[in-house]
Amino acid sequence: MSSFTVPYSTVNWFKTALAGHGEVVSFNVMDHHYFQIQRKKTPQNLNVVLVNIYTIGLADVLKARQEFPDATCIVTNGSWSSYTSEAKEFGLQNQFGVFNTSDTTSSK
-8 MSSFTVPYST VNWFKTALAG HGEVVSFNVM DHHYFQIQRK KTPQNLNVVL
42 VNIYTIGLAD VLKARQEFPD ATCIVTNGSW SSYTSEAKEF GLQNQFGVFN
92 TSDTTSSK
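What the sequence shown shows, in this note's numbering, is residues -8 to 99, in sequence order.
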């Protein structure tokens, strides 16, 4: 069981966003807030930990990787939410995405 608390409404919003995203082929909910997403682009498969954290820090990234070893990224809900530069830099150095939902919901 995950130690992250994610409201049902956040999970539903994310599912709706994925279902309407032009680059998403399909997705599966692997756990309440852990998604496997198949995209049109490379990398085609993403394993996403959805969280409800105002500012993702390095400790949150490390916890997500520990609790979900196959995860490829962490996404926090809301355009008002963000991440620290330390968390983002760690992600870049370790090929692990750190995003907020506004980074992920456009179909550019």
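Careful: at least some of the hints might be erroneous.
[As the list claims (entries may be wrong)] If you anchor each label on the Cβ, the simulated ranges turn out as follows: (1) LYS32 with ASP61: 13 to 23 Å; (2) LYS31 with LYS6: 12 to 22 Å; (3) SER17 with GLU77: 27 to 37 Å; (4) ASN3 with TRP71: 26 to 36 Å; (5) SER(-7) with THR46: 27 to 37 Å.
What the hints contain is simulated information worked out from the structure, not anything from laboratory work.
A virtual CB, placed ideally from N, CA and C, is assigned to each residue, including glycine.
Results for each hint:
no., hint, result
1, LYS32 with ASP61: 13 to 23 Å, "holds (19 Å)"
2, LYS31 with LYS6: 12 to 22 Å, "holds (18 Å)"
3, SER17 with GLU77: 27 to 37 Å, "holds (33 Å)"
4, ASN3 with TRP71: 26 to 36 Å, "violated (19 Å)"
5, SER(-7) with THR46: 27 to 37 Å, "violated (19 Å)"
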